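Taken in order, these protein sequences are the chains called L and C.
Final position of the first sequence in numbering that gives the first Met the number 0 is 311; the numbers increase by one with none missing.
Final position of the second sequence in numbering that gives the first Met the number 0 is 314; the numbers increase by one with none missing.
To be clear, the hints were calculated from the coordinates, so they are not data collected in a lab.
Computed from a prediction, not measured in an experiment: that's the story for all the values here.
Wrong hints could be hidden among the right ones.
Label pairs and their computed distance ranges (CB to CB) [unchecked claim]:
#, chain 1, residue 1, chain 2, residue 2, range
1, L, 298, C, 50, 39 to 45 Å
2, L, 92, C, 34, 56 to 62 Å
3, C, 229, L, 232, 32 to 38 Å
Sample of chain L residues facing chain C (criterion: CB under 8 Å; computed from the structure) [unchecked claim]:
#, residue
4, 18
5, 67
6, 127
7, 160
8, 164
9, 168
10, 170
11, 186
12, 244
13, 256
Below, a list of computed lysine to aspartate or glutamate pairs in the EDC-like style, where the Cα atoms sit at most 16 Å apart [said to hold, decoys possible]:
#, chain 1, residue 1, chain 2, residue 2
14, L, 273, L, 43
15, L, 298, C, 165
16, C, 280, C, 84
17, L, 12, C, 122
18, L, 221, L, 206
19, L, 221, L, 211
Glycine included, every Cβ here is placed at the ideal spot set by N, Cα and C.
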Amino acid sequence: MSYSITAPSSQQKWIAGILVITYALITLLPLVWIIATGFKTPADSISYPPKVLFSPSVEGYVNLFTSRSRVTPDDLAALGPPTTFYDRIVRQYDMVITGPSRYGERFMNSMIIGFGSTFLSVFLGTIAAYAFSRFKVPLKDDLLFFILSTRMMPPIAVAIPIFLMYRQLGLSDTHLGMILLYTAVNLSLSVWLLKGFIDEIPVEYEEAALIDGYTRFQAFTKVVLPQAATGIASTAIFCLIFAWNEYAFAALLTSGTAQTAPPFIPTIIGTGGKDWPAVAAGATLFLMPIMVFTVLLRKHLLRGITFGAVRK
Amino acid sequence: MSNNLANRAALATPQQLAHRIRGLSDRAVAWIFVAPTIFLLLAVNIFPLIWTIRLSLTNFRTNRPNNAIEFVGIENYRKILTDADTWISLQATAHFLIWTIVLQVLIGFTLAYLINKQFRGNDLWTTLIVLPMMLSPAVVGNFWTFLYQPQIGLFNYVIAFFTGADPASFSMIGEVTLAPWAIVIVDTWMWTPFVMLICLAGLRSIPPSIYEAAECDRASKLRQFWTITLPMALPFLMLAVLFRGIENFKMFDLVVQLTGGGPGSTTQLVSIDLKREAFEKWRTGYASAYAVILFVTVFGLASIYVKALNKVKDR
């Protein structure tokens with residue numbers, strides 16, 4: 000490497016590195032604590048001083064996935080010996096498993112609504128972005144600004160008429176209703192991000208394809224889409240993360256059938272107070288996919304976050 | 000332009016082929032491609048907005064659908080603006096907004112500045128720092144109430160460890176004086192990485208040749224920072240402030256899970272106040288007027304700010 004008078008010295012790099020790593024370790028502590036608490040017993044989780052070393056237990060996960068009820072010791076004895084490891088854990092507390100909890104369903108709802116709305120918003124966003132990028136659309140700048148401005152509305156403010164509208168249309172507490180809502184919210188982001196990506200693809204490729212006898216549609220699907228694949232993928236991740244994390248609309252517009260995990264996880268309670276290991280277990284399973292995604296796809300994600308800032 | 004090219008190509012080719020080249024006209028394709036997006040945004044954003052404005056002029060209550068709906072003019076607006084609760088919420092929001100922005104800009108810019116020194120492994124550590132902002136605010140906010148528990152909470156334990164105070168002697172989310180800071184801390188923890196990333200993009204956009212020239216002119220490092228780094232990163236910083244400002248003015252999920260607006264109404268941000276009016280007291284007309292006021296405020300402040308931002312950029 001050639002010597003530069005402006006490059007930071009190795010001493011500067013060391014100091015910078017130590018400071019940044021210290022901040023990172025502090026900032027990760029709450030996340031580590033979530034994961035650790037999921038593997039504690041309820042007693043360990045509320046001990047003082049907080050336990051850093053503990054013998055791991057899957058009790059939190061068992062409590063997360065089951066609903067239980069208390070029985071008398073006599074009834075418990077009459078049941079015979081526990082057959083599975085989760086039976087054994089539950090029976091220590093004079094309880095029996097009465098069935099699965101709702102966590103699995105809520106998690107599935109998050110998946111269906113997350114992937115459904117991501118697919119729709121990326122699909123609609125791609126074709127709209129292509130049109131904005133390549134054609135003369137009347138009032139283009141106004142439309143683009145309108146699309147962006149829809150993001151300034153506080154979700155609660157929009158929720159009032161949507162709540163009334165969905166009741167009329169029978170869309171409240173349905174997967175379809177939530178998918179359409181999240182699609183609309185994500186569209187502004189997806190159109191803006193994708194327009195940036197498609198703007199970067201040279202128009203000459205399509206023109207060559209058109210001269211070769213492709214129709215506009217074929218040029219779009221066979222020339223533009225493959226070139227924009229990376230951009231489409233990172234846009235999809237952003238849409239997915241939004242839909243996965245969204246809380247306000249989910250809490251107000253869903254209650255049963257279509258309820259997603261974010262409004263559900265805080266409502267997990269045990270017998271006699273909050274069952275923190277179960278909450279932490281639920282949170283861990285829910286947050287883990289996003290953490291893994293972020294670390295694996297860091298290059299595209301970090302670029303996408305600052306994308307709006309760098310472009311305009 | 001491409002349309003012309005296609006047409007020219009079409010004119011020079013046999014009839015059958017020409018039809019295939021044109022296929023759908025570009026105009027038709029453009030409309031087919033844009034229409035669904037515009038339609039969906041109209042249905043889910045503009046139509047509800049118009050509906051909200053109409054409701055805001057009535058005394059409609061969702062929980063009493065059989066009551067006659069009366070037109071009350073600007074009565075709701077007058078009530079909101081003269082209601083002491085509204086101003087308490089606005090104050091709580093202002094406190095939250097100002098402190099989160101100040102802290103996030105200071106910490107975020109410092110981190111970006113340090114990361115820009117390009118120490119070994121900086122991209123991995125950047126990713127790890129970014130993790131909190133990727134996660135669900137409601138789920139994480141809910142877990143922070145556990146960290147904030149007196150005695151058993153990790154946060155209280157750590158603070159007690161460094162200050163020598165009794166960890167059971169204070170409750171971050173239970174005390175009137177501490178709760179406004181409890182939400183500032185969690186929001187700063189979560190969103191500083193966002194400001195950091197934008198600042199980092201700003202710092203990386205400064206061409207090294209400027210520093211080289213300054214070095215040749217023997218400008219001190221401090222001088223270089225004040226006359227090159229800061230002014231050139233300023234538009235990015237201002238953009239980060241805009242994004243965080245809009246987001247935190249709308250703040251709902253994180254704070255509602257952390258404190259629910261309490262204790263009393265010390266952390267009752269405008270969105271939480273609005274949610275109570277709309278979905279707990281069911282004063283739909285009143286809440287709609289509230290929503291309109293909030294939207295106009297965000298939109299107005301953001302427009303003024305963007306004008307200022309453009310001035311800084313053009314400089």
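The hints, checked one at a time:
Between residue 298 of chain L and residue 50 of chain C the beta carbons are some 43 Å apart, a value that agrees with the proposed interval 39 to 45 Å. Distance hint for residue 92 of chain L and residue 34 of chain C: a CB-CB separation of about 59 Å, consistent with the stated range 56 to 62 Å. Taking 32 to 38 Å as the suggested C-beta distance range, the pair residue 229 of chain C and residue 232 of chain L conforms, at roughly 36 Å. With a least beta-carbon distance of about 5 Å to chain C, the hint placing residue 18 of chain L at the interface is held under the 8 Å criterion.
For residue 67 of chain L, the shortest C-beta to C-beta distance to chain C is roughly 21 Å, which exceeds 8 Å, and the interface hint is violated. A cut of 8 Å between beta carbons decides the hint on residue 127 of chain L: the least distance to chain C is about 4 Å, and the hint holds. Checking residue 160 of chain L against chain C: minimum C-beta separation of about 4 Å stays under 8 Å; hint holds. The closest approach between the C-beta of residue 164 of chain L and any C-beta of chain C is roughly 7 Å, which is under the 8 Å cut-off, so the hint is satisfied.
With a cut of 8 Å, the hint placing residue 168 of chain L at the interface with chain C is violated, because the nearest CB-to-CB distance is about 10 Å. Contact between residue 170 of chain L and chain C, as hinted, is not supported at the beta carbon level, the nearest pair being about 11 Å apart and thus beyond 8 Å. Because the beta carbon of residue 186 of chain L sits about 6 Å from the nearest beta carbon in chain C, less than 8 Å, this interface hint is met. Restraint check, residue 244 of chain L versus chain C: the minimum CB separation of about 4 Å is within 8 Å; hint holds.
For residue 256 of chain L, the suggested interface contact is broken, since its CB lies about 19 Å from the closest CB of chain C, more than 8 Å. Proposed proximity of residue 273 of chain L and residue 43 of chain L is supported: the alpha carbons are some 14 Å apart, at most 16 Å. Taking the CA atoms of residue 298 of chain L and residue 165 of chain C, the gap is near 44 Å; set against the 16 Å cutoff, the hint is violated. In summary, the hint linking residue 280 of chain C to residue 84 of chain C is supported, as the alpha carbons are separated by about 14 Å, within the 16 Å threshold.
Between residue 12 of chain L and residue 122 of chain C, the direct Cα distance comes to roughly 14 Å. Compliance with the 16 Å bound is thereby established for this hinted pair. Pair hint residue 221 of chain L plus residue 206 of chain L holds up; C-alpha atoms about 13 Å apart against a cutoff of 16 Å. Annotation: proposed proximity of residue 221 of chain L to residue 211 of chain L holds, straight-line Cα distance about 13 Å (limit 16 Å).
In summary, the numbered hints that this structure violates are 5, 9, 10, 13, 15.
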